[in-house]
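Here is what each chain is made of, one letter per residue.
Protein chains: 2
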Amino acid sequence: MLLQDLMIPIGAAIVSFLVAAVFALWVSKQQPGTQQMLDISNAVKVGAMAFLRREFKIVIPVAIGLAVIIGAAIGFSNGIAFAVGAGLSAVAGLISLKITVKAAVRAANASGKGLGHTFALAFRGGATVGLAVPAMALLAITLLYFAFPDPITIAGVGIGASLIALFIRVGGGIFTKAADMGADLVGKVEANIPEDDPRNPATIADNVGDNVGDAAGMGSDIYESYASIIGTATIGPRKMTEVMKPLNRAFYVSAAIAIALNFVFTNLFLGQTPLAYALFGTTVIGVILVPVIQRITDYFTSYRFRPVKEISESAKWGYASLTLMGIIQGMRSTGPFMIAIVVALALSFAIASSAAPDPSQSTIYGIFGTSLTAMAMLSLAGIVLSIDAFGPISDNAGGIVEMTGMGEANRKVTDEIDAVGNTTKAVTKGFAIASAGLAALAMIQAFQYEAAKVFHVAFDYSLSNPSIIIGLLVGGLLPFFITSQLIAAVSRAAGKMVEEVRRQFKEHPDILTGKVKPEYAKCVDVATVASLRELWKSATLTIIAPIILGVVLGPPAVAGLLMGAVVTGIFLAYHLANTGGAWDNAKKYVEIQGRKGSEEHKITIVGDVIGDPYKDTAGPALNTVIKLLNTVAIVFVSAFVGILVLVH
Amino acid sequence: MLLQDLMIPIGAAIVSFLVAAVFALWVSKQQPGTQQMLDISNAVKVGAMAFLRREFKIVIPVAIGLAVIIGAAIGFSNGIAFAVGAGLSAVAGLISLKITVKAAVRAANASGKGLGHTFALAFRGGATVGLAVPAMALLAITLLYFAFPDPITIAGVGIGASLIALFIRVGGGIFTKAADMGADLVGKVEANIPEDDPRNPATIADNVGDNVGDAAGMGSDIYESYASIIGTATIGPRKMTEVMKPLNRAFYVSAAIAIALNFVFTNLFLGQTPLAYALFGTTVIGVILVPVIQRITDYFTSYRFRPVKEISESAKWGYASLTLMGIIQGMRSTGPFMIAIVVALALSFAIASSAAPDPSQSTIYGIFGTSLTAMAMLSLAGIVLSIDAFGPISDNAGGIVEMTGMGEANRKVTDEIDAVGNTTKAVTKGFAIASAGLAALAMIQAFQYEAAKVFHVAFDYSLSNPSIIIGLLVGGLLPFFITSQLIAAVSRAAGKMVEEVRRQFKEHPDILTGKVKPEYAKCVDVATVASLRELWKSATLTIIAPIILGVVLGPPAVAGLLMGAVVTGIFLAYHLANTGGAWDNAKKYVEIQGRKGSEEHKITIVGDVIGDPYKDTAGPALNTVIKLLNTVAIVFVSAFVGILVLVH
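Line order of the protein sequences matches chains A and B.
In this text, residue positions in the first sequence follow my numbering: the first is 1, and each later residue adds one.
In this text, residue positions in the second sequence follow my numbering: the first is 1, and each later residue adds one.
Since the hints were made in silico from the structure, they are not lab data.
There's no promise every hint is true.
Derived DSSO-like pairs: lysine-lysine, alpha-carbon spacing no greater than 27 Å straight-line [what the hints assert, rightly or not]:
1. A/K316 with B/K522
2. B/K522 with A/K309
3. B/K506 with A/K316
4. B/K316 with A/K316
5. B/K316 with A/K496
6. B/K316 with A/K506
7. B/K98 with A/K602
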């Protein structure tokens, strides 16, 4: 492997960094606002950092220990790759957090200047994350591959990154919803003060949660990417009346560039052969799949369409109808979603397998084609991440506007951006689920290949092997069981938060009169500790399950487990994400009709609360779980040999 | 095949019929009560018959058409078997309905004589169904096997029975919950009249629903069975203070007899060989699995244990917490449930494969062992069905007691039996889901065997075959999608019911004063039409999906589809059944604490309403869907050949 072969990825990474740096600088140069705004922003930053610091205090020793174990049990290079992955993921979380907090306060300040300026701030803050994080991953993977040219070693980066992502994303997911529910339960219900009121001790924790759950969490989910740089450049601070259009334009520019680049590269490497065109075709399918899934998700979660309208209308029949209707629509959405994925898979397989130079190789070419489809989909991660990351920035900006009493007009600007952020957040989840599922399917093939290489045995992966069946059942169980654990975790952590807020109100009654400042940091701390404690079980289960099954029943059981987890995991994740998103927007739909405060509005608020852990904790967590399962399985397959020898 | 080889099953069937006849006669001889009670009972009977008649009017032509198509496309004997299966299932539904209605009014009348007498009536009514239905199936299958000694032909009985079961059970499931929700929404909320009040036009429809959904539905799910006869005989009309104990005793007597008979038969056929002991061992595992799963289900759905208590306590935090806690507990219950099944599968496979006379046959012996485990589990269907069927009888008896104003003491007797009925209903669902899952796993093996025989090709059923992956994804989708369709169906049908009740109240205001009798029959009719209309989509999807996938992608895709449907189906079904059951008992828990009418009670009522379509429509329907998918796949596999030849 020569360094010059790696010039293209390295070059792409450097360009991404440069554009990200330009955006970050631009954001920093904007006016941060009044002292009061800076104070709030600072409290959020301090809280978020406290959360990350406490997480790192636990995770870093674990990661170092695991790196040493992996290095000793599997190989030095694997240990290094794991450490690099873990380190990068942590850094990505940190970067995302810092830039998001910075952009939020500036966006709040800019809300007086109109939609265009505020939106540019939110988007460029998000794009810094969307470009820098994948570029960092691309650079590290390229250099590691130069040093250790072995795909399994590189997979170690994935396991390290997934582990940290699990802690930050899932821990953040529990944190953010615990703070949110805790703040609402005591604030709105008991103390009767509005949302985002500075007298509520849990307010800052709520804002911190948005950052650690959405921004840092998504940031530490690392993907490879190119082509999105130019797409992000199409958005700047000009006069605008609508937010969704420029986002769509940015996306389509990125998609067109991705298709063009895929065409150039397949021709460059394979010449003008039928195989080149076939493989190019599979990448086109991957790129097209992204907007198709976005449309499906949008249809089921935006109040512009029937499903959310039906949910909203069902509120007139009461809580039970609203709950059932949300679950109906979320489950129904898995239908078109899965059909889109299945059609894409079947087409790529058919195209690539038909172009195999030798008919006996048609299956392996077909599988390669489906992997390219997954890869092409992920090549748009940069723009998707950028579109996702601006959501929490505008959400936070809205919070700052509210807490500093900047007035209705400003709030309207941040609200509008926030509403679009809600939709793009849901849409991004659909993308993340589909791409995690497709990537996992490719990984399962890689796992079988790796197991055959390590064990020198052609295992039986057929459906009549009872190990496969047991693996499928155990794998199918994991997403259901982990979902129940995570939702329970949010409930318990929210309970802790409620106790803390009550304690503060009781010990310092003057908090409610506004004379005494609440102890925001204490609430952040409570949510941090609670979320970390709850997280452990799910993380351990995800890592231990494939290892135990592999040691006891061998690689086929592990392959079955991975497949079972994908099959139940993607349906459950998509259902949870869409049901939660749809409930949220059903509430918004009642609000934009001017029925805030009505009985129906009260009922839709309950739907939103039920949906919170659905869409922001359990749904996104299942992606990370699926990815971590796969990387653990692939990296530890060679360790099975050693353990099996020891056991027998 | 000689007739004398079939003497044992035929003899068992005849003995079952005799005992069932004795029970039916005994029930008929009891006092039916006052004229008013008979009137109500009659209205329920007329309504239930109207439902069945209308169902049959649609289903019988369809069944005859399908029988002709199957007869022409696959073989004459297959068509006959299908027709027999469909006919028997319909007859089973009819028998169940008649005896249940008869037993209910007599149980209501006996409620003055104390718990023992009432319970004996409810139980013996249920046991008539529990014995006659499996005996009928056993007799028909034995005679058919004598005429056409081919297992695939016999599977045709299953497809016929499953199709009718789908219509009666799922149609009944939509009917019962539509009537229930409709009656509650208008009655309790709008007109402010209590449950089971004769002024509510939907009351009779509600009672009809209990019969068609629970009694006729379960009855038309036909299982083979022996050994349960003596178990049912242990229960008679004596003085008693507790209901659960005699039920448990009846069950354990049946289980002990099943184990003893399995021992006798394995030794009779195979001598005192290691293989005989191994196969006997796999049947013991199957028998033990039944109480293990009953315990797990009981733990998660009875208010004697922590999960339901936690749900009940979460009501103090409001609707959202109650909803989330119910979902948490139901999803969590899939953990121990699946571990029990996986351990049973692994043990039977290990025991049976180790006893194979030749190591090269160890896999096929192992698979046979797991099938025996499923069979042994199903051998307890008689007693399980008996325990299940007494629930709706006591529920109806309670309704009659209430509607005729027989007083508190009588109501207490029927209530106590009803509460036990709720638990046994939940427990029976766990049994049905586990046995359907295990049977399906065995059927998937049979499907592969049959496909190899028909096509003379060794297909690739491994996880690297993209057809398998596509099959798994499509199969995994079906339970999610059908669940959403069925819950939506209940909502829509309930809406129709509400409109009808409103219409009657508006056109005849004297219904509310009690001067004018409501048009009960009209409500029954509305629910019948609505449930039939909604049912079609799910039934068509279940039949068409494996056929289309088989024609387009071949048998491996079908095997993948069956497996995918089992993997997501059992988790979803068990989660839905237990979450629904737990919400129901969380409400009961608040009531027995004397907090009826409190804010918490209101909140738990909402949970119960959400849980109704979960536990009584979608949950049980998924079983039937899984079974129908499997039988369709097996019976149509030979038809694929013809269609494939036509297509290509």
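Taking the hints in turn, this is what the structure says about them:
Note on A/K316 and B/K522: the hinted pairing holds, with a Cα-Cα distance of about 26 Å set against a maximum of 27 Å. A distance of roughly 31 Å separates the Cα atoms of B/K522 and A/K309; the hinted pair therefore is violated under the 27 Å criterion. Between B/K506 and A/K316, the direct Cα distance comes to roughly 21 Å. Compliance with the 27 Å bound is thereby established for this hinted pair. Pair hint B/K316 plus A/K316 holds up; C-alpha atoms about 23 Å apart against a cutoff of 27 Å.
For the proposed pair B/K316 and A/K496, the alpha carbon gap of about 15 Å is at most 27 Å, so the pair holds. The hinted pair formed by B/K316 and A/K506 meets the criterion: a straight-line CA distance of about 20 Å does not exceed 27 Å. Between B/K98 and A/K602, the direct Cα distance comes to roughly 46 Å. Violation of the 27 Å bound is thereby established for this hinted pair.
Hint violations for this structure: numbers 2 and 7, all remaining hints satisfied.
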